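J.: The residues making up each chain are set out below.
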Amino acid sequence: MVSRVESDQPDNWERQIKKGWLELAILASLWGEKLYGLEVLRRLEKGTDLVVAEGTVYPILSRLKAEGLVETKWVEGEAGHPRKYYWLTSSGRSRAAAMARYASGFLGSMSQIIAPLLAKEGK
Amino acid sequence: MIPAEASQRRIDSYLAELRRCLGELPPEEVHDILQEIRGHILERAEASGELTEERLVAILKALGRPEDIAPLYQVDSVVAKARVSLSPRLVMRGIHRWSVVSGWGLVLFVLGVAGYATGFALMLAALAKIITPDQVGAWVGGGHFSIGTNSNLGARDILGWWLVPIGLAVGALVVFGTTLLLRWTLRFARIRRPTGTSVAA
Chain A
-12 MVSRVESDQP
-2 DNWERQIKKG
8 WLELAILASL
18 WGEKLYGLEV
28 LRRLEKGTDL
38 VVAEGTVYPI
48 LSRLKAEGLV
58 ETKWVEGEAG
68 HPRKYYWLTS
78 SGRSRAAAMA
88 RYASGFLGSM
98 SQIIAPLLAK
108 EGK
Chain B
830 MIPAEASQRR
840 IDSYLAELRR
850 CLGELPPEEV
860 HDILQEIRGH
870 ILERAEASGE
880 LTEERLVAIL
890 KALGRPEDIA
900 PLYQVDSVVA
910 KARVSLSPRL
920 VMRGIHRWSV
930 VSGWGLVLFV
940 LGVAGYATGF
950 ALMLAALAKI
960 ITPDQVGAWV
970 GGGHFSIGTN
980 SNLGARDILG
990 WWLVPIGLAV
1000 GALVVFGTTL
1010 LLRWTLRFAR
1020 IRRPTGTSVA
1030 A
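As you go down the protein sequences, you meet chains A and B in turn.
Just so we're aligned: the first sequence equals residues -12 to 110 in the working numbering.
Just so we're aligned: the second sequence equals residues 830 to 1030 in the working numbering.
Derived by calculation from the structure, the hints in this document are not laboratory data.
Everything hinted at is true.
Below, computed lysine to aspartate or glutamate pairings styled on EDC-like, alpha-carbon distance capped at 16 angstroms:
1. B:910 with A:54
2. A:6 with A:36
3. A:52 with B:858
4. A:5 with A:32
5. A:52 with B:861
6. B:910 with B:857
7. A:60 with B:858
8. B:910 with B:858
9. B:890 with B:841
10. A:60 with B:861
11. A:6 with A:32
12. B:890 with B:846
13. A:60 with B:857
14. A:21 with A:58
15. A:21 with A:63
16. A:6 with B:897
17. A:60 with A:20
18. A:5 with A:36
19. A:52 with A:10
20. A:60 with A:26
21. A:52 with B:857
Incomplete in silico selection of chain B near chain A, CB under 7 angstroms:
22. 865
23. 868
24. 871
25. 891
26. 901
Please read all numbers here as calculations on a predicted model, not as lab measurements.
Don't be surprised by glycine CBs; every beta carbon is placed ideally from N, CA and C.
Using the sequences plus the hints, can you model the full thing?
T.: Here is the structure:
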């Protein structure tokens, strides 16, 4: 039932971590604005290296929609092709806020735990 | 910028492959997905200035292979729908999808089959009682209890006509309870891609 690291390859391990954080990062990118899929991707590219394959972001957005966390609308624009815009619903906002609180506490305790490793490496 | 004919062919064949892989999704959902991915490819292509063959290949490569992306939609949408549905059919579809990738899903699938079978059997017995009142009942005799038809001559029907309302009500409750339970467990479904790498679900 639970996802696990398939092997001890560092590459795979990094991938697992990234996947875990991707949903929160996507919700966070939509926090203040309506964005279409590629804009969400660009936000993520700018701030992080979370996205492993770009095509994985769209199914996540589609699931967030199915779960009622985001709402969507197709907009015909100057682009020449319609764009699907996403924005947070009120339950999406509360989910994102709860995830952010948890993540922040988790990151804090994790940095404490790994601090000695980093200090050692620095010497 | 309109991609040259060769590029257009390459984009079309990527989308055709994606459509093939999306197979079992509802047509309107497939249409939405293809439109969104097409938009992604076109916009990436426009942003790259002059679109070369290499550039397009790089865009499609960054997007990922259709056979890797499509299962993410299928698994996600089937399970996501089941999570909010009260229909035994949709919920069992979600559980079935989960059972393909996880032992927990398999256990719940068996549990679901048992729950629904019990619930529907009770309701069926209630209806059968109306049609053939003499042969169907809730029988007690020889240390056995059974609901349905009876071959044990010494058995006694303890419910009589009460089997109709009780069978219908209890059967419906069992079906409804099974649905709620399975739906609730689906929130713990962590679905993986068939390739073996896991996906946040």
